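Participant: Spelled out, the chains give:
2 protein chains.
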Amino acid sequence: MDFSDFKITIVGLGLIGGSLAMAIRDLKPQKLWAIDRDLNTIKAAEEKGIIDKNDEDCKSMLLNSDLVIIALYPEDTAKFMLNNMESFKTGCLITDTCGLKYDMLLKIKDFLRNDIEFIGGHPMSGKESSGFTSADKAIFYNANYIITPTEQNKEETIIQLEELIVALGCKRPIKMSPKDHDKIIAYTSHLPHLTAVALINCFNNAENLDGLIGGSFRDATRVADINSKLWLELIRLNKENVIDILECFINNLSELKTAISNNDQEKLLDDFKKASSRRKEIG
Amino acid sequence: MDFSDFKITIVGLGLIGGSLAMAIRDLKPQKLWAIDRDLNTIKAAEEKGIIDKNDEDCKSMLLNSDLVIIALYPEDTAKFMLNNMESFKTGCLITDTCGLKYDMLLKIKDFLRNDIEFIGGHPMSGKESSGFTSADKAIFYNANYIITPTEQNKEETIIQLEELIVALGCKRPIKMSPKDHDKIIAYTSHLPHLTAVALINCFNNAENLDGLIGGSFRDATRVADINSKLWLELIRLNKENVIDILECFINNLSELKTAISNNDQEKLLDDFKKASSRRKEIG
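From first to last, the protein sequence lines are chains A and B.
Position 18 of the first sequence, counting from 1, maps to -2 under our numbering, and the rest follow consecutively.
Position 171 of the second sequence, counting from 1, maps to 151 under our numbering, and the rest follow consecutively.
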């Protein structure tokens, strides 16, 4: 697809927004602008030629943009749309990059104009570091990307977004409902993060673990150095799903504990075999 | 240290035993023999020049060995010592590679001869694959290695084992009591494995997770494809420690669940911050 007619604005030049800017730059859009509260970041991105220089205000950028990608935290994303709803160009597409999709729809449904479209997006890529200085277009290479179109979206707009995502280097995006997305993400992302936190917090400071940690512990706790602000928000906004999956997990662990306590080798073997075969399926 | 006077026998040419044989071969011992119930493995190792050919029986190998490294599962290791106690050379050192150290001492204390020494060892290295065909001396490079000497061991024997371990490419071994080892390993290894099992077993087959899995899930479940036979044994032999740490972990998770349910942001932030700083300490 040819993006040379597109004027694109990215809102938020953090790790994801900055990486998106770098990847989109390669697609040679007519204009690529960015909005960030940190003007030094904007200046740095302009100087590196990642975004086009634009001396006008936020409003005029949005008025001229065919595509706006908002790469902020969930609540800031909704607020940005609310505060700028009058500025978006008729017919434009807005997408976001938040890790939650249903709450956003609830928040924006009352103020989203009828002459513009919103499609939620969730790039399944990241890094342990954050911010524009960590931005790297390679994070999209072969990455999974979920989009959550609704009945309000035109087929051609969905296709446009899909083609952009593929052009970034990602796999063909997976389409699902916002509700399904949030339920699955509670399992595949929120649970492993909470697990890492709970696991490392069993650490008794009296013990010196230096040199006593193997790969399994390191892997299981890799994401324990959590971005508190973002995660408080994600977990609050996905509360019901997170509680459901935590209950399932705690239940599985309690069953294992009981089986170990009772020397119930059959139950343990059963769980181990189930786990082995499921892990192999994931690859 | 010079190993050219040493005759060494490795019992069990699996991943660890095979890798040890490869690494020890480089140290040019006078003789390097191996015992394995699979004669094809012995033949393959001989043909590759990893071990010396030896047409005599197990007994004569042990009678001539200054160092015997037993790389079998925990209960097989104790059985091997019991069944061959009369064959070991006077003054020899026996070490093992099991992931548990205290139970072994209990098992062998009644039959270990006074004229030989045993020092427990635990190389903190491995691979997801197993068996001689996966053996690779590189698994020891810069690896942690724990040894659990007791009051029965002579200082010079302990130093000898330490020097061998460093010569394999490992870091200088960490010395600790068998009981401390097993308690810590319940946390740093057994718990992450059980966590991986319980986490992946929350998977509802009705959901298609293809393309919806990020790094955190993949990391947290990496060891879920568990070697059932070995792990049933490890967990049974370390039952009390495993139950204690599982209780702590389940308790932490339950507290997180309650905090999420009550929107207790303060408790969550507290846990997140504690986890972040502890994870950074590990590096």
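Please note that a few of the clues may not be correct.
One copy or two, it doesn't matter: identical chains are merged, so the pair holds either way.
Said to hold, decoys possible - As a list, the in silico EDC-like pairs of lysine to aspartate or glutamate whose alpha-carbon atoms are at most 20 Å apart:
1) 253 - 108
2) 89 - 66
3) 59 - 18
4) 151 - 136
5) 163 - 190
6) 209 - 246
7) 247 - 131
Note that these hints are calculated values from the structure, not bench results.
As the structure is a prediction and not an experimental result, all values here were calculated from the model.
Participant: Treating 20 Å as the Cα threshold, decide for residue 163 and residue 190: within, between, both or neither.
Facilitator: between (37 Å within a copy, 15 Å between copies)
Participant: How do residue 253 and residue 108 come out at 20 Å by Cα distance, when the copy is not named: within, between, both, or neither?
Facilitator: between (32 Å within a copy, 16 Å between copies)
Participant: Tell me, please, which holds for residue 89 and residue 66 at an alpha-carbon limit of 20 Å: within, between, both or neither?
Facilitator: within (15 Å within a copy, 82 Å between copies)
Participant: Give the relationship of residue 59 and residue 18 under a CA distance limit of 20 Å: within one copy only, between copies only, both, or neither.
Facilitator: This pair counts as within: shortest intra-copy Cα distance 17 Å, inter-copy 67 Å.
Participant: How do residue 151 and residue 136 come out at 20 Å by Cα distance, when the copy is not named: within, between, both, or neither?
Facilitator: within (19 Å within a copy, 60 Å between copies)
Participant: How do residue 209 and residue 246 come out at 20 Å by Cα distance, when the copy is not named: within, between, both, or neither?
Facilitator: Cα proximity of residue 209 and residue 246: across copies only (12 Å, versus 43 Å in one copy).
Participant: Could you place residue 247 and residue 131 in one of the four classes (within, between, both, neither) given a Cα distance threshold of 20 Å?
Facilitator: neither (46 Å within a copy, 40 Å between copies)
The structure does not agree with numbered hint 7 stated previously, though it agrees with all others.
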